[in-house]
Structures are given as structure tokens and as C-alpha cells.
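**Student:** Sequence:
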Amino acid sequence: MIDPRYTKLAKLLVGYSIQVKSGDRVLLEMIDAPDEFAVELMRAVRAAGGTPLVEVRHTRVTREVLRATDERHAILIRDLELARMKKVQGYIAVRGAANINENSDVPGERLALYSRVTRPVLNWRVSKTNWCVLRWPSASMAQSAGMSTEAFEDFYFAVCTMDYRKMAQAMVPLKARMEKADRVQIKGPGTDLTFSVKGLGAVPCVGRRNIPDGEVFSCPVKDSVNGVIQFNAPTIYAGIKFENVRLEFQEGRAVKATGSNAQRLNEILDTDAGARYVGEFSLGFNPYILNPMCDILFDEKIAGSLHFTPGQAYEECDNGNRSAVHWDMVLIQRPEWGGGEIWFDGELIRKDGLFVSKDLASLNPKKLK
61 MIDPRYTKLA
71 KLLVGYSIQV
81 KSGDRVLLEM
91 IDAPDEFAVE
101 LMRAVRAAGG
111 TPLVEVRHTR
121 VTREVLRATD
131 ERHAILIRDL
141 ELARMKKVQG
151 YIAVRGAANI
161 NENSDVPGER
171 LALYSRVTRP
181 VLNWRVSKTN
191 WCVLRWPSAS
201 MAQSAGMSTE
211 AFEDFYFAVC
221 TMDYRKMAQA
231 MVPLKARMEK
241 ADRVQIKGPG
251 TDLTFSVKGL
261 GAVPCVGRRN
271 IPDGEVFSCP
281 VKDSVNGVIQ
291 FNAPTIYAGI
301 KFENVRLEFQ
311 EGRAVKATGS
321 NAQRLNEILD
331 TDAGARYVGE
341 FSLGFNPYIL
351 NPMCDILFDE
361 KIAGSLHFTP
371 GQAYEECDNG
381 NRSAVHWDMV
391 LIQRPEWGGG
401 EIWFDGELIR
411 KDGLFVSKDL
421 ASLNPKKLK
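Heads up: the sequence shown begins at 61 in our numbering, then just goes up one per residue.
Think of the hints as simulated: they come from the structure by calculation, not from any bench. Note that the coordinates shown come from a computational prediction; the quantities given were computed from them, not determined experimentally. Some clues are possibly wrong.
Calculated cross-link-like contacts (lysine to any residue; reagent style SDA-like; alpha-carbon spacing at most 20 Å) [what the hints assert, rightly or not]:
(1) Lys426 with Pro347
(2) Lys247 with Arg394
(3) Lys235 with Leu408
(4) Lys429 with Ala218
(5) Lys146 with Arg269
(6) Lys235 with Ser417
(7) Lys258 with Gln310
Build out the structure end to end from the sequences listed, making use of the hints.
**Tutor:** Here it is as C-alpha cells:
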């Protein structure tokens, strides 16, 4: 018997997140995810009048693909996958992993080369398809979250199928404020950072691109970032865990980067010229996600958090920065994490993780739940 939670989630992804229409071709990329969920997704796509295409991958196999890649190989992969991506209107990626550190021993230069060469596939998918990406619950995710496997699965399906329509309505005032803002200041322990978001817009994330969801993002003017930011959530990049990352900026560029595994941190930031500039600034407020679990699709939506992103800018809020890197780094500002403040043009917007103005109060956890 199929778990009814699979059916509910599949229908949400197909009908709400990517809104499949009759005649759409939809690529389903299943990475270490159960066959039963792939079946439910296929059935949901067909029920909506679409045609599902299924790709099954495994992180252990992908590690070997990356471990000995070279430019000729990466170009071949890029050309094949880009040709396929151009044939579809929708894309859903379900990414499970028994070991989140599977790629930790892949040489950094190989990862950088592969990311740089194959970036056009990601760029096309992001800008030209209706897409949604989500993780699949596993024992390793439960361990990272400090929960039993059963309790984590219950949490996972609850947060992934919450009322995103209600959340979307509550985001409207924050989107308007971010669109009008010029100067942003972030304050907190070890953090005093300023930048401009003038003219770059704002995008509410309401369960149509990521599941779980709950953020509104913009982007700094490329050369406007100055000061220092100290992140307090651990972060995983290319299968490698980093902690206590601290970035110092001058005229938009991260001129100094420290933290655990500082050498690898700086190697990633030296992937290309754009990797030390910032491509995204976002405020997170999902009321059900409170603590980091080294999974960015969850961590970037933590209630009372923000993330600041070295690397590629999104087309919707584009400051012109181009990079093979897009690395969301998370700072939690609730009191138990040290607190902090967000200011727009000299007005306090959020303090210690809670929005302080009446028009934004609907985004606070008690109102969203």
C-alpha cells in the first residue's frame, strides 16, 4: 500500500508547485528517493494531462562521476542534459541521500570544473521551466535534526504540506517593503553589514520552487556590500561541512573568509571571479523550522533567519553577478541564537527574529501556524 502522505505531497508538487498543464512534459529527477514516490509523481503528472520523464540517480554513483571528471566529460554531460532540459516545461527534483558527506573526498578542483561547465543546465532550468526541488527524508537527515527517524518523517510531511496559500498572502507586505527599500543593515553578534537593494525587486517563495518554503529574497547591488557577517548555522557545500563562517566585505567583494576548513572555504570562493560577490539576500520565516540540520532547503527557511549568498544571482533579482557558485549561508537571529536586527532605510524591520511592524506581524510564527 502506498503511504497516503506520498499521494498528498505528489499532488501538491504537481498541482500547486509547478502547476502542470495538459501537454506539459515534466522531468522527474529522483535521487536516492523511493520508487513508490516516483510512481505517485508520475501518476499525478499524468492525471494533470502531462507526460512524465523519469531520471533515477544515486549519490554514491554520482560521487564516482565527479571524482574523475574532466572538461571533455563535463562538456558532454552539459550538452546532453541541456538538450533534454530544453524539451521539458516542468522539473521536479527529489533529493535523498544516505550520507550527506558523500562528496567530501572529491577533489575541489573537479567539483569546481564540473559546476562551472554544467552551469548552463541549471541556468536554463531556473529561468525557463516551472521547477521545484525538495529533499527526501532519511535516517541521516533525522540524525542531523536530532530526531528519531519516525519523528522526523512526521515533521517532514507536516512542514512540506503546510498551508502555503496562507503564507503567500502574509508575504505581500514584506515583498512591498523590500521592493521600496534602498539601504539594508544587518546587526548582531559579530555582524555589522550594510548594502543596497535599490531597484532589484523582491521575490516571495511560497512553495512553488522549493518545498519546504518560507522566504522573501532580493539581491544586493553588486558593489554595495560593506562590513562583516558572522554566520551561526553550519553549512554544507558539495558534501563538505563548514562552521563559524565569517565574511568581511569591501565594495561588494568578500576580501576575507574564515571558519572551519578555511582552506577549502577559500578554494570554493575562488572558483571564479563572481564567487566572492553576493547574489542573494533573503529573510526566512517558516514557523515549523527552528534549528539547522545542514540541509539548505530547510535551513534557509528557519524562522527568524536570514541568508546571504556568495555567487550567482537569480534572474528575478539580478545584480549582474555570474558564478558557478551559489552558496546560501544562514544566520539565525532569534534570542537563543544571539539575537540580531534587520533595518531598512533606518527603520527597524525585525528584532531577535520577530517582525516588529504591524503590517509584517502575520509572518511571525504564532500567526503563520
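**Student:** Check the structure against each numbered hint from earlier and tell me which ones fail, lowest number first.
**Tutor:** none
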